[in-house]
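Respectively, the protein sequence lines represent chains A and B.
For the first sequence, my numbering begins at 133 and goes up steadily by one.
For the second sequence, my numbering begins at 254 and goes up steadily by one.
Since the hints were derived computationally from the structure, they do not count as laboratory data.
Just so it is clear, the structure is predicted and the values come from calculations on it, not from any experiment.
We put the beta carbon where it would ideally sit given N, CA and C, even for glycine.
Check the hints yourself; a few may be wrong.
[Claimed, not checked] With the Cβ distance kept under 7 Å, some of the chain B side facing chain A (calculated, not the full set):
1) K362
2) M374
3) A528
4) E532
[Unchecked claim] DMTMM-like cross-link-like pairs, simulated, lysine to aspartate or glutamate; straight-line CA separation at most 25 Å:
5) K618(B) - E409(B)
6) K166(A) - D547(B)
7) K539(B) - D473(B)
8) K539(B) - D594(B)
9) K362(B) - D296(A)
10) K539(B) - E585(B)
11) K618(B) - D486(B)
12) K362(B) - E388(B)
13) K539(B) - D501(B)
14) K166(A) - D296(A)
15) K166(A) - E180(A)
16) K166(A) - D594(B)
17) K166(A) - D473(B)
18) K166(A) - E409(B)
19) K362(B) - E613(B)
One letter stands for each residue in the lines below.
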Amino acid sequence: MRPLRGTYRLFLLAAAIALLLTLVPMPTWLAVMKPMGLALVLAYFALEAPEVAGLGHAFLLGLVADVLYGGLLGEHALRMVILVFLTLRFRHRLRFFPIWQQAGAVFALLLNDRVLDLWIRMMSGSTWPPLLFWLSPVVGMAVWPWVFLLLDGLRLRRRQAQRDRGP
Amino acid sequence: MSRGRALGPEFGAYEPGPGTRDPGPERAVIWKGPQRMRAIRIGKQSIRSADSRVLALAGPGSRVPGPEFLRRAPKLRPPNRRVGGSPMMPPGTNAQAPLFAGGRPGTLKLVVLLALAIMLMLADRQRGFLVSVRERALVLTAPVYWLASLPATIVEVGELAVSDRQALAAENQQLREELLTTQIELQQRRAEGEAHARVLALVEATEREAVTGTLVRIVDLDLDPFRHRLLLDRGSNAGLARGDGLIDALGVVGQVSAAGPNTAFAILITDPNHALPVEVSRNGVKSIAYGTGDATWLALPNLPLSVDLSVGDRLLTTAVGGRFPAGIPVAEISAIERPTDAAFAIAYARPLSALGRNRELLAVKPIAWLGPPDPTASARAPESDATPGHVQPPPSTGEEP
């Protein structure tokens, strides 16, 4: 299991930073278009390192998000499990997409996530959210290539460093 | 079995198992003799499409995976030994991990996890033991909130440090003036209140509670811009408890929904899960104001069509419900719908408080619930305990009755 540790650590670190960044206060106009950081991190690791980002991890991290954001317990868990399941399902196709096409796929995933979110909200009696509610997946799509390149660079550098150190 | 694993999951080596769906020719052909060239071509193609992972696999020596690369592959992995140094097996991949770990995600696992999540949500809706779980979890999450609010705190402290002395002095002056006018007004009100209390005592009306509470600050965090929740910087150590009301200078803001030792979650009156008994200040018509999920209005459904209500009426809290002291402003009626084809009218009201946009709030304890009048007690009403000594003027010390 040792070789996995580097990637695993990176995964947990990235998830923690994503959770924190979502909490950091911003002006309202910026806050409404904040992309779902945890979803992006989970999607990346489900695509590139599925041995660390399974459904169980998605569930647990979703629960952490629920506790942190004070929403309905289990809501993020449900959304993240579905997101990771879909990513893993289409992983072989998505991995060989050029990055802009991948961003489109990520947009679809995030949009689906938003629809689930809306569904859960409606179940708990909320009214139809404002139109800005749908902006977040668009921003998520725009951010995806950068998140992807950043995480890819970090992950490969870690592996390179590990290889240089020898077995 | 072993041949497929030699390349690691990165190369997409394929191993048919019972019930496995063929993932397509690109990957399946890698180990099939006559079609090997095709696999290589696809390998090159993926290099051309800038897939750095394939290059990383081939190692620094061989830039392009050639036929030897594939032929040698099975030999390069000694059974049950790590091959960290070999160019075939970068240390980042794990030989022991299942080949398509997560590649074909377990549907059973999905169903179990989804069921678990839905069960959690339903349990949380019922407001049972999960609230106490959440309150315990607040102990763990408090450092995270502290960390996340650190940038805002630094900015605030920095602003304070560099802010102009003169500006501070001016602000101080302005606040002093405001305090003075408010205090004068308060004195007048106190006198009025005492007079009012005497009148009330004469007619043996109910007593009114003074408003006292704990000052709490809102932690500046983005929980969810489309949700109506707040995080407070005080918890049960400061006397906060679930159900405490939160008010600001302008009116009712919300209620504490979960109180940890040093932090607490609050729910705004505009949250769809919130309902608040109110009365119209003009004529005492009572109703319930429901949150709508929209920060700009509350809804008062199920009003009689003939209800005496007009735009601009102010809604106040009542003692019904026991959560808030009576008479605190809540909202102002902004629209009334009297549909001709329905049995009830609906009114919409605009919340008066800043709803968490100002940082300090007052947390008030639930007042003692008086309940409906006891019919046996009303029979001996003349000697009931509503003596003048018990009646407190509104701005009194606020001791518990």
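Check your understanding: Taken at face value, is the distance from the CA of D296(A) to the CA of K166(A) at most 25 Å?
Key -> violated, 38 Å
Review point. Does the alpha-carbon distance linking K166(A) and D547(B) stay inside the 25 Å limit?
Key: holds, 19 Å
Review point. Under the criterion that the straight-line Cα-Cα distance not exceed 25 Å, is the pair K362(B), D296(A) satisfied?
Key: Measuring from Cα to Cα gives roughly 38 Å; hence the hint is violated.
Check your understanding: Regarding the hint that E532(B) lies at the interface with chain A, is the smallest CB-CB distance below 7 Å?
Key -> violated, 24 Å
Check your understanding: Within 25 Å, alpha carbon to alpha carbon, are K166(A) and E409(B)?
Key -> holds, 22 Å
Point to revise | Satisfaction of hint between D486(B) and K618(B), Cα-Cα up to 25 Å | key: Holds - the C-alpha atoms of D486(B) and K618(B) are around 17 Å apart, at most 25 Å.
Review point. Minimum Cβ distance from A528(B) to chain A below 7 Å?
Key: Hint on A528(B): violated, closest Cβ of chain A at ~11 Å, above 7 Å.
Check your understanding: Can the restraint linking K166(A) and E180(A) be considered satisfied, given a maximum Cα separation of 25 Å?
Key -> Answer holds: K166(A) to E180(A) is near 24 Å, not above 25 Å.
Review point. Given the proposed pairing of K166(A) with D594(B), does the C-alpha separation stay at or below 25 Å?
Key: violated, 43 Å
**Study point:** Hint consistency between K166(A) and D473(B) [alpha-carbon to alpha-carbon, up to 25 Å]
**Key:** holds, 16 Å
Exercise for review: With a cut-off of 25 Å on the C-alpha distance, tell me whether K618(B) and E409(B) pass.
Suggested key: violated, 30 Å
**Study point:** Given hint E585(B) paired with K539(B) - CA-CA distance at most 25 Å
**Key:** holds, 14 Å
Consistency note: the structure conflicts with the earlier hints numbered 3, 4, 5, 7, 9, 12, 14, 16 and 19.
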